[in-house]
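Visitor: Here are the chains, one letter per residue:
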Amino acid sequence: MELCSFLTLDSFITDPLAHDFMRKALLMSSLVAAVCGFLSSYLTLKGWALMGDAVSHSVMPGVVVAYALGLPFSLGAFIFGVGSVALIGFIKQKSRVKEDTVIGLVFTGFFALGIVLVSKIKSNIDLHSILFGSPLGISLSDVKQTIFISLLVVILLSIFRKDLMLYCFDPRHAKTVGINVFFLHYLLLTCLSLAAVVGLQSVGIILVVAMLITPGATAYLLTDKFDNMTVISVLSAIISSLIGIYVSFWFDLETGGSIVLAQTFIFLFAFLFAPRYGIFKLKKLFAGYK
Amino acid sequence: METINYQNFRIEAENICVDYNGKVALYDANLRLQPGQICGLVGMNGAGKTTFFNALTGFVNISKGKIRINGESVRSAQKDQTIAYVPQNEGIDSQFPISVWDVVMMGRYGSMNIFRCPRESDVQAVKDAIERVDLTDHLSTPIGNLSGGQRKRTFLARAIAQRASILLLDEPFSGVDIRTEKLISELFIQFKNEGKTILLSTHDMIHVREFCDLVLLINKTVVAYGETSEVFTPENITTTFGGISPDFLFGPES
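Chains as they are written, first to last, in the working numbering: chain L, 1 to 290; chain R, 1001 to 1254.
These aren't lab readings, by the way, just hints derived from the structure by calculation.
Keep in mind that the hints are not guaranteed to be accurate.
Rough simulated footprint, nothing fancy, chain L against chain R, three-plus residues with beta-carbon under 8 Å [claimed, not checked]:
no., region
1, 1057 to 1067
2, 1089 to 1096
In silico lysine-lysine, DSS-like type, Cα no more than 25 Å apart, as pairs [what the hints assert, rightly or not]:
no., chain 1, residue 1, chain 2, residue 2
3, L, Lys92, R, Lys1023
4, R, Lys1064, R, Lys1023
5, L, Lys162, L, Lys46
6, L, Lys162, R, Lys1079
7, R, Lys1127, L, Lys98
8, R, Lys1192, R, Lys1182
9, R, Lys1023, R, Lys1066
10, L, Lys144, L, Lys24
11, R, Lys1064, L, Lys92
12, R, Lys1127, L, Lys162
13, L, Lys225, R, Lys1127
14, L, Lys225, L, Lys162
All values derive from a computational prediction rather than experimental measurement.
Idealized CB from N, CA, C, for every residue including glycine.
Could you build the full structure based on these sequences and the hints that come with them?
Guide: Structure follows, in structure tokens:
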């Protein structure tokens, strides 16, 4: 009986691996999850969830234009991602409208522009795969691009890991000791745009913001050390991706949605049972039984 | 015509103005401080105290005037680790996942290489600084688990580890316990003897009388500046606080 269920679980995991597109999807999504998870720690601590939402939606017209012109879509996405942030900053400075309002109106404007462009530019752009991701249908050139961007972001974040932490924690001190805060601000924004680009392949533009904030929020509930937070964030993102893809394969569900739902469930688990910060504080619960 | 030797002054702010998108936060403010001087910065909320600090650290740009730190620009003062800023407790995210050790180590970042790898000397500086503020038992404690006083001391240790010659402290005595207050006062005397220059903002009039050689009363601009005994008068204080009687501010006379 036990052997039988073991075999089932075994084939649950190995059967999908027989398909080439599944192996590719699992690998690529794990890589993307790792990148977004890494960045997620910074965004959560900096309080940039809304900014992540804005940038990830604003890359839409960039992706469409790049496709239409035959350019790498990451380039278009990057320009519009950073451009949206610049525009948000400009409008905020030059008007009396509050920041969250400006963010909301700028990114929806960009997003709408993207949708209109898709309907106008008759090409083989698949609106559905941009909006909801298509990790199972990823092409070879996309694979190369994703690997390149992912490595770039990971290298940048690794080099400036401590400076970025200081920037999130106490930018005033960073400035006072001669650290280039302006550079760090735009470095983080650049990484955010790039991560949004690779993330949208996995889960699509609408849900990519989840990849950028949920793992960090989960990790934040589980530790008081920044380095641990980064590790937990990356691991939870990767595990969610694997779970999401397997579940979508076996139960024939939308892959992007499944990945994000897996992240949400892991967050809820941490929210309820995190040792120190969970609602039911597991540590105390166990201590009571000893 | 008198020529000013800038080298004599640690801080030299001349007619500085700061505005945020056209809203004036500070105008025509002057300040000169020498090594070993402690100056109190007194004013209402929104009177421009934090703005003054921000201008001196280079966190905001001044729209007019001139700031010289040790006779040099703010930019080179940043590079030389000349100024340390100790934030208000409310000014920092106490839930940030970071330990006492890591916060104090941030005082050394400016003089480390790009990867911020601590050298032997950095580790020693951090250890010494933590010892001076009496937090050696809390090296790996997350700052979220510290009391208000302990957190204040952590940031003071960061300034000590930085080995800055100018300390800017935003409300160093607000929300701290008696023990921390005593320790900070003792440190101030030591800093003074080491020739450091201290500028601190405070709401507490008693502290000004106790530590400050000089006092700078501000309300968007300088109301009065000079020796505490001469400038810190009920009339000046009333003007600074927009007509509120000093009796009210000081509480019942003891």
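Visitor: All the hints need checking, so say for each whether the structure fits it.
Guide: Hints, verified against the model:
Coverage of a stretch by a chain is defined here by at least three residues with a beta carbon nearer than 8 Å to that chain's beta carbons; for the region 1057 to 1067 of chain R and chain L the count is 3, and the condition holds. Figure legend: the region 1089 to 1096 of chain R, annotated as covered by chain L; annotation consistent (4 residues with Cβ-Cβ distances under 8 Å, at least 3 required). Between the alpha carbons of lysine 92 of chain L and lysine 1023 of chain R the distance comes to roughly 15 Å, so the proposed pair stays at or under 25 Å and holds. For the proposed pair lysine 1064 of chain R and lysine 1023 of chain R, the alpha carbon gap of about 14 Å is at most 25 Å, so the pair holds.
Between lysine 162 of chain L and lysine 46 of chain L the alpha-carbon distance is near 14 Å, which keeps this suggested pair within the 25 Å criterion. For the proposed pair lysine 162 of chain L and lysine 1079 of chain R, the alpha carbon gap of about 18 Å is at most 25 Å, so the pair holds. Our distance criterion of 25 Å between C-alpha atoms is broken by lysine 1127 of chain R and lysine 98 of chain L, whose separation comes to about 44 Å. For a cut-off of 25 Å, the pair hint linking lysine 1192 of chain R to lysine 1182 of chain R stands: about 16 Å separates their Cα positions.
Distance check on the hinted pair: lysine 1023 of chain R and lysine 1066 of chain R sit about 20 Å apart at the alpha-carbon level, within 25 Å; holds. Distance hint between lysine 144 of chain L and lysine 24 of chain L is fulfilled; the C-alpha atoms sit about 12 Å from each other, no more than 25 Å. Annotation: proposed proximity of lysine 1064 of chain R to lysine 92 of chain L holds, straight-line Cα distance about 24 Å (limit 25 Å). Proximity of lysine 1127 of chain R to lysine 162 of chain L is assessed by CA-CA distance (about 19 Å); at most 25 Å being required, the pair is judged to hold.
Between lysine 225 of chain L and lysine 1127 of chain R, the direct Cα distance comes to roughly 19 Å. Compliance with the 25 Å bound is thereby established for this hinted pair. Annotation: proposed proximity of lysine 225 of chain L to lysine 162 of chain L holds, straight-line Cα distance about 13 Å (limit 25 Å).
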